[in-house]
Amino acid sequence: MDWLQAFLPLNLERLSVWIGVLCTLAIYSLLYRENPIYRFFEHMYIGLAAGYSLGPLGVDILYRYWIEPIWIQGYWAWAFVVPYGMYLYFIFSERYGWISRIVIGTLIGASAGLFFQEFSSRYLPQLNSTLQKPLWVSDANPDLTYGMIINNILFVIILLSVLTYFTFSYEQRGPVKRVAIWGRWFLMIGLGAIFGNTVMARMALMIGRIYYLLNDWLLIRVGGG
Amino acid sequence: MLSVDRRWLYLILFVNIVIFLLAPLRMPASISPPVQKFYDEIEKLQPGDLVMISSNWSASTLAENQPQLEAVITHLMRKQVRFTIISIEAQSRDISYRLAERVTKEKGYQYGEQWAHFGFVPNLAVAIKGMVTDLPNTIKQDVRGTAVAELPVVQGVKSLSEYKMIIDVTPTGSVPVWISYSPKNVKILYCPTSVMAAEAYTYLDSGQIKGMITGAKGAQEYEQLLGITGLGAPFANTISFSHLLIIAFILLGNFAMLMNRLQARREA
Numbered sequence: 211m212d213w214l215q216a217f218l219p220l221n222l223e224r225l226s227v228w229i230g231v232l233c234t235l236a237i238y239s240l241l242y243r244e245n246p247i248y249r250f251f252e253h254m255y256i257g258l259a260a261g262y263s264l265g266p267l268g269v270d271i272l273y274r275y276w277i278e279p280i281w282i283q284g285y286w287a288w289a290f291v292v293p294y295g296m297y298l299y300f301i302f303s304e305r306y307g308w309i310s311r312i313v314i315g316t317l318i319g320a321s322a323g324l325f326f327q328e329f330s331s332r333y334l335p336q337l338n339s340t341l342q343k344p345l346w347v348s349d350a351n352p353d354l355t356y357g358m359i360i361n362n363i364l365f366v367i368i369l370l371s372v373l374t375y376f377t378f379s380y381e382q383r384g385p386v387k388r389v390a391i392w393g394r395w396f397l398m399i400g401l402g403a404i405f406g407n408t409v410m411a412r413m414a415l416m417i418g419r420i421y422y423l424l425n426d427w428l429l430i431r432v433g434g435g
Numbered sequence: 162m163l164s165v166d167r168r169w170l171y172l173i174l175f176v177n178i179v180i181f182l183l184a185p186l187r188m189p190a191s192i193s194p195p196v197q198k199f200y201d202e203i204e205k206l207q208p209g210d211l212v213m214i215s216s217n218w219s220a221s222t223l224a225e226n227q228p229q230l231e232a233v234i235t236h237l238m239r240k241q242v243r244f245t246i247i248s249i250e251a252q253s254r255d256i257s258y259r260l261a262e263r264v265t266k267e268k269g270y271q272y273g274e275q276w277a278h279f280g281f282v283p284n285l286a287v288a289i290k291g292m293v294t295d296l297p298n299t300i301k302q303d304v305r306g307t308a309v310a311e312l313p314v315v316q317g318v319k320s321l322s323e324y325k326m327i328i329d330v331t332p333t334g335s336v337p338v339w340i341s342y343s344p345k346n347v348k349i350l351y352c353p354t355s356v357m358a359a360e361a362y363t364y365l366d367s368g369q370i371k372g373m374i375t376g377a378k379g380a381q382e383y384e385q386l387l388g389i390t391g392l393g394a395p396f397a398n399t400i401s402f403s404h405l406l407i408i409a410f411i412l413l414g415n416f417a418m419l420m421n422r423l424q425a426r427r428e429a
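Same order as they appear, the protein sequences are chains A and B. Under my numbering, the first residue of the first sequence carries the number 211, and numbering increases by one thereafter. Under my numbering, the first residue of the second sequence carries the number 162, and numbering increases by one thereafter.
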């Protein structure tokens with residue numbers, strides 16, 4: 211009886227779980243066949259997700275960074291920021307479309323500036339790490355094992371073959387073509403590993419939903435614990 | 162066999178998942194080097210050190226990111242480390258806040274004193290640059306509406322560079338943004354979903370990230386290192402047996418197709 215009382219939607223918290231279950235089953239009904247219930251819940255989910263995002267946007271962004279500084283702290287200059295951003299919507303006007311370019315220009319300028327930093331922080335250390343990989347044991351690197359040496363040599367071979375595959379400036383013939391073919395094979399192996407991980411991730415999505423049905427709805431402890 | 166309705170396969174997969182989620186199965190996992198490195202980096206932290214957790218997942222990737230975040234918070238609390246959480250996805254703000262509140266309450270970790278949630282920021286690159294320059298004025302308030310400058314957990318902290326570590330728990334491609342804009346003295350650890358993990362090995366190899374927990378499988382390994390029973394183990398076991406089932410389906414399907422072709426050839 212205790213289980214039944216906890217299971218039934220007798221309070222708000224349980225009601226929300228039951229609604230969650232209804233949504234989950236409605237979405238999964240697509241696996242049986244395309245149906246209007248699935249369509250309805252699909253549209254409802256998209257609408258809810260978009261609507262939900264408006265809440266945090268309003269509270270955490272508009273209020274915190276715009277309304278509060280203007281009304282409470284008196285930074286009146288901030289009042290111009292949102293109208294300036296909204297100039298972007300002039301893109302829909304044939305006559306005043308040029309105004310939107312001012313905002314677009316600002317955005318492109320900011321993005322380009324950010325990208326300079328991103329390039330140096332994101333890609334240069336990788337380039338540096340690749341060039342510093344020791345390919346043989348010497349006095350400079352006594353801790354290096356043969357396993358690490360093989361790993362580094364493989365890394366460099368794969369890197370060079372894949373780069374050769376992506377060299378399109380001239381026709382690939384003879385040995386260059388053979389290296390490029392190896393590069394393609396290495397790429398396929400890499401993509402296969404990514405695809406394997408994708409299958410694992412998709413399976414985890416389904417497991418997450420079934421966990422919700424068992425743990426939150428049916429109140430069955432998962433993992434036999 | 163080739164005429165079997167695919168819906169039967171879905172049903173068998175569903176039953177398989179239910180059985181292995183409920184089964185009291187504890188298969189030991191071998192610890193992969195990225196998970197071991199992750200663990201070792203957190204072990205190096207001293208009590209009172211400050212860690213930023215970037216939690217950007219929502220209900221859709223719960224099976225992978227929830228066990229990761231739970232295990233990471235458990236480890237941080239064990240090391241008596243102070244931590245703050247930030248989300249770049251609106252839905253993640255509430256999910257990570259509720260999860261952290263539950264896990265910290267169990268261990269008596271005090272909100273505001275030992276941990277805090279900074280809420281939702283929409284543009285990570287701009288937010289990081291802001292936090293590097295002036296953290297209290299960039300974040301302004303926590304999820305409870307308290308001014309960041311008044312939170313004891315970050316008392317006197319002016320910049321992100323005063324943190325020891327950033328831990329990104331995410332199904333999105335946010336880790337390159339953390340790598341690009343965060344201070345170079347702050348170590349970055351990464352908890353991606355399995356689908357994002359393959360791309361992150363380059364960052365692991367170059368040392369831009371110091372450790373990685375990959376999906377539910379990584380969470381299982383991490384729980385094993387911590388000696389705790391969490392959701393990682395049942396989820397990873399279920400994934401393994403679901404993969405075996407899918408492989409069996411593929412083999413059966415190919416076998417049936419081969420037999421059909423042989424029969425057709427014989428009849429011809």
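To be clear, the hints were calculated from the coordinates, so they are not data collected in a lab. It is possible that part of the hints are untrue.
Said to hold, decoys possible - Only pairs whose alpha carbons sit at most 25 Å apart, straight line, appear in this in silico DSS-like list of lysine-lysine:
id, chain 1, residue 1, chain 2, residue 2
1, B, K290, A, K343
2, A, K343, B, K319
3, A, K387, B, K319
4, B, K325, B, K205
5, B, K319, B, K290
Hinted pair B:K290 and A:K343, Cα distance within 25 Å:
violated, 32 Å
Under the criterion that the straight-line Cα-Cα distance not exceed 25 Å, is the pair A:K343, B:K319 satisfied?
violated, 38 Å
Check whether the Cα positions of A:K387 and B:K319 lie no farther apart than 25 Å.
violated, 55 Å
For B:K325 and B:K205, compute the direct alpha-carbon distance and say whether it is at most 25 Å.
holds, 10 Å
Take the C-alpha atoms of B:K319 and B:K290, compute the straight-line distance between them, and say whether it is at most 25 Å.
Roughly 13 Å between the alpha carbons, so the hint for B:K319 and B:K290 holds.
Against the hints set out earlier in the document, violations occur for numbers 1, 2, 3.
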